[in-house]
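Protein chains: 2
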Amino acid sequence: MLTSQGEDFPRWYQDVLNKAELADNGPVRGTMVIRPYAYALWEHMQAAVDARIKAAGAENVYLPLLIPQSYLEREAEHVEGFSPELAVVTHAGGKDLTEPAVVRPTSETVFGELMAKWVQSHRDLPMRLNQWANVVRWEMRPRIFLRTSEFLWQEGHTAHATSDEAGAFARRIHLDVYRDFLENMLAIPVLVGVKTERERFAGAVTTMTCEAMMGDGKALQMATSHELGQNFARAFDINYTDASGRSRACWTTSWGSSTRMIGGLIMAHGDDQGLRLPPRIAPVQVVVIAVKDDDPTVTAASTLADSLAAAGIRARLDARTDQGFGRRTTEWELKGVPLRLEIGPRDLERGECTLVRRDTKQKFSVGAESVVATIRELLDAIHTEMFTAARDRLGRRTTDATTSAGALDASATGFVRIPWNVLGEHGERQLNARGVTVRCLQASDGGLPDVETPSEELMAIVGRSY
Amino acid sequence: MLTSQGEDFPRWYQDVLNKAELADNGPVRGTMVIRPYAYALWEHMQAAVDARIKAAGAENVYLPLLIPQSYLEREAEHVEGFSPELAVVTHAGGKDLTEPAVVRPTSETVFGELMAKWVQSHRDLPMRLNQWANVVRWEMRPRIFLRTSEFLWQEGHTAHATSDEAGAFARRIHLDVYRDFLENMLAIPVLVGVKTERERFAGAVTTMTCEAMMGDGKALQMATSHELGQNFARAFDINYTDASGRSRACWTTSWGSSTRMIGGLIMAHGDDQGLRLPPRIAPVQVVVIAVKDDDPTVTAASTLADSLAAAGIRARLDARTDQGFGRRTTEWELKGVPLRLEIGPRDLERGECTLVRRDTKQKFSVGAESVVATIRELLDAIHTEMFTAARDRLGRRTTDATTSAGALDASATGFVRIPWNVLGEHGERQLNARGVTVRCLQASDGGLPDVETPSEELMAIVGRSY
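Residue numbers (the numbering used here), protein chains in the order written: chain L, 449 to 914; chain H, 449 to 914.
Check each hint, because a few of them may be wrong.
Since the list can't tell identical chains apart, any single copy or any two copies may satisfy a pair.
Taking lysine to aspartate or glutamate and the EDC-like style, the derived pairs with C-alpha atoms no more than 20 Å apart in a straight line are [said to hold, decoys possible]:
(1) 502 with 491
(2) 809 with 720
(3) 467 with 507
(4) 740 with 612
(5) 811 with 800
(6) 543 with 533
(7) 467 with 572
(8) 467 with 720
(9) 467 with 455
(10) 565 with 472
(11) 565 with 469
If you're looking for bench data, these hints aren't it; they were derived computationally from the structure.
Bound conformation, chain L alone:
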């Protein structure tokens, strides 16, 4: 049914998108249609990220889609990075515009202009804003969820009175929002680290990243957070008057995550049967399947689905008994529903039902009276075991290298750890020429380095990436 991962991983990915009814290509090249099942997944992801962003003290805003072209010229580095990707509105309201308007590739410049206006005194700080929106960056080699000409994302922008405060806030977002979400909701272990100068976001002083390993051993950047020093504030005149009446430039941060995480979720956990969704984010946690078309079976399945829903479990009833049982279980496997609860006439006689785990395919018989409690425990266990399995794979497929050449070889199958002072910028350029990048630099204990980490203690994580 699906191309196997071993045979052709990119084709397997495309097959999953189609057959699990996740997404289609849009009519304009490079755009995508997010279908109900994948959109429900995104809604759960968005809610979980949003709650963490709000807990960190940021508030949501909505800024306009269209940006005057002149705004993008304000920050030279900025326009250089984006101009080949821009979509430009030249005609509107029945006539040509005197100034073309760009469809936002990010709202960064508008945040800059507005924060310059909204920040006046030290009392206005910290200013912590976030936006959920669509952005457009023209893609020559689109791949759904990973690189599309339009995608959905959140971008946060904050202004602070001191460098320390900005740094601490960016780290908080990176660890307590992104890493926590990726590990504790998506069950994807991530490497947190900083980008090298070559990979750093234009204008950033530090770019932090969460790097995940996909099923084929390649890396996917799942989220990034930037400390912008005073660069951004200087470009946009984001100044505040301190307690003594002196005007000072703010210290700013920005940070983002996008629908690309859906692609990461598919590729990190999927197997040859399709998606495997971690329970905390799955739109349907348990599908209750009425095996046969007799009334008592369908009634029992329906009652069970209701009692699961009443217990706060996201359950769906599948009573499509006009379709073959095998076909239905294959479909729910494809859609990655963590638990399948099957009820047939024989189960009913015995006062039991059958539970099947999607992640391990294990089957259990459970007495009707303990179904809810068992499911709760299993959903927790599945999360933990999926996370552990992904972490074990990450460990297994990460090797140590002591030379650039060794790093290049080893990157064919996974990640490579190599001391940054061994690799260096020269080695990085050599790897880049072969399609391999430094995903991040970590402290020697695998943690996020800080300004005080000596460069000779940095480890580079090297890999091929999406």
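For chain L, the structure is supplied; the task is to place chain H on it using the hints.
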């Protein structure tokens, strides 16, 4: 501080937008920046509408922002209605596009194309889809939230096997989603009715509307729902194979609501001191104000705010004791927070605090032990009383007329009810020429007419509108 409503209602509206920090103009003419407080309001509105849409059985999707220009030419009536409003991307990815792409004014045509593909058999029906997204319609006379070149909205599109089912579903959305939300969450009584042929959506067989009365007696359309018969399905080839194997055109509906509802909320409930937010939708339901800067007061206020939050009440602490008390209460009045809870040293001594209602400005002393229960009751009472007050105003400012000339005169101060067979299409055109429109047609009992309502029993509701 604010222009009074009586002096200049549109200027009062603009003042509220600025001073309550709700929204700003965007840099491209006609666009808007939704600031945190208004966006929080929108998030609560969106969550409440979305929950109702899902309860009606619809699923969310996301379709691309950019639409090939040729798509809009498919439905002749459609393009005629929209073309002067379109924003067109002619340049992207560093070069001119071979086919220009339109920034969606709605996703209707893309829904049409996709539903034609996704609907095959009667088993695929009903197909009930909804999208939350931004849309762009160039505005020559923009007014924030009411008419902006970009706005946020939801649009639902459904396909059904029969006319009856489509009709019933559209009515369900109109009454159980929109009317229920507007009345039970926003505390805004609405007139539900159908549009005249002249006001009907292009291509619709029936357009239902929820019309609300603003503080100045003018009408604002808050949401609309359309039965499209088979017109839309025929234009887009949305066909299904019935149980006997015959191909049939579907019956479709569409329905939408937008950030315009924020404007309606401001104008329906606001007064000369600013916003008045109904409690169920207010981002902050209770603000707890520490009156003085002494430790016991601030501690007591903070503890109280925490205990309200723990009780599921949206409470915020205002401990900005470096700012004057009067200034702070004025600000919370301006922001329309339903209840103010004031704690000063004297209150503490007495084991009391002071509650002030925003809607009526009534003050109460409440013993500390019963604060949570009292607030719960008050929030319910405020909702009911705000709704009742708005309904009374609607009744008071709706007059009956027996001639077109009488209807025109009476429409200067509010709504007018006149039999449709007295007014007729000729009378409607005369009113239109004077800036007055038929807002909707109702059954004689004030209900939503159906296909069986005889036209001589229809009452026209006439008014000036935004």
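Consistency of the hints with the structure:
1. Taking identical chains as interchangeable, the C-alpha atoms of residue 502 and residue 491 lie at most 20 Å apart whether they share a chain (16 Å) or sit on different chains (13 Å).
2. With identical chains, the CA atoms of residue 809 and residue 720 are at most 20 Å apart within one copy only, with a shortest distance of 13 Å there and 65 Å across copies.
3. In the homo-oligomer, the alpha carbons of residue 467 and residue 507 lie at most 20 Å apart only across protomers (18 Å), although the nearest pairing inside one protomer, at 38 Å, exceeds that limit.
4. Taking the shortest alpha-carbon separations for residue 740 and residue 612, neither the intra-copy value of 64 Å nor the inter-copy value of 32 Å comes in at or below 20 Å.
5. Proximity of residue 811 to residue 800 under the C-alpha cut-off of 20 Å is restricted to the intra-copy arrangement: shortest distance 13 Å within a copy versus 60 Å between copies.
6. In the homo-oligomer, the alpha carbons of residue 543 and residue 533 lie at most 20 Å apart only across protomers (10 Å), although the nearest pairing inside one protomer, at 24 Å, exceeds that limit.
7. For the homomeric pair residue 467 and residue 572, the shortest alpha-carbon distance between copies (16 Å) is at most 20 Å, but the shortest distance inside one copy (50 Å) is not.
8. Proximity of residue 467 to residue 720 under the C-alpha cut-off of 20 Å is restricted to the intra-copy arrangement: shortest distance 12 Å within a copy versus 58 Å between copies.
9. Taking CA atoms no more than 20 Å apart as the test, residue 467 paired with residue 455 passes inside one copy only; the shortest distance there is 18 Å, against 62 Å between copies.
10. For the identical chains of this complex, residue 565 and residue 472 are inter-copy neighbours only, at 11 Å across copies versus 41 Å inside a copy, given an alpha-carbon limit of 20 Å.
11. In this assembly of identical chains, the alpha carbons of residue 565 and residue 469 lie at most 20 Å apart only when taken from different copies (13 Å versus 45 Å within one copy).
Violation of the numbered hints given earlier is confined to hint 4; every other hint is satisfied by the structure.
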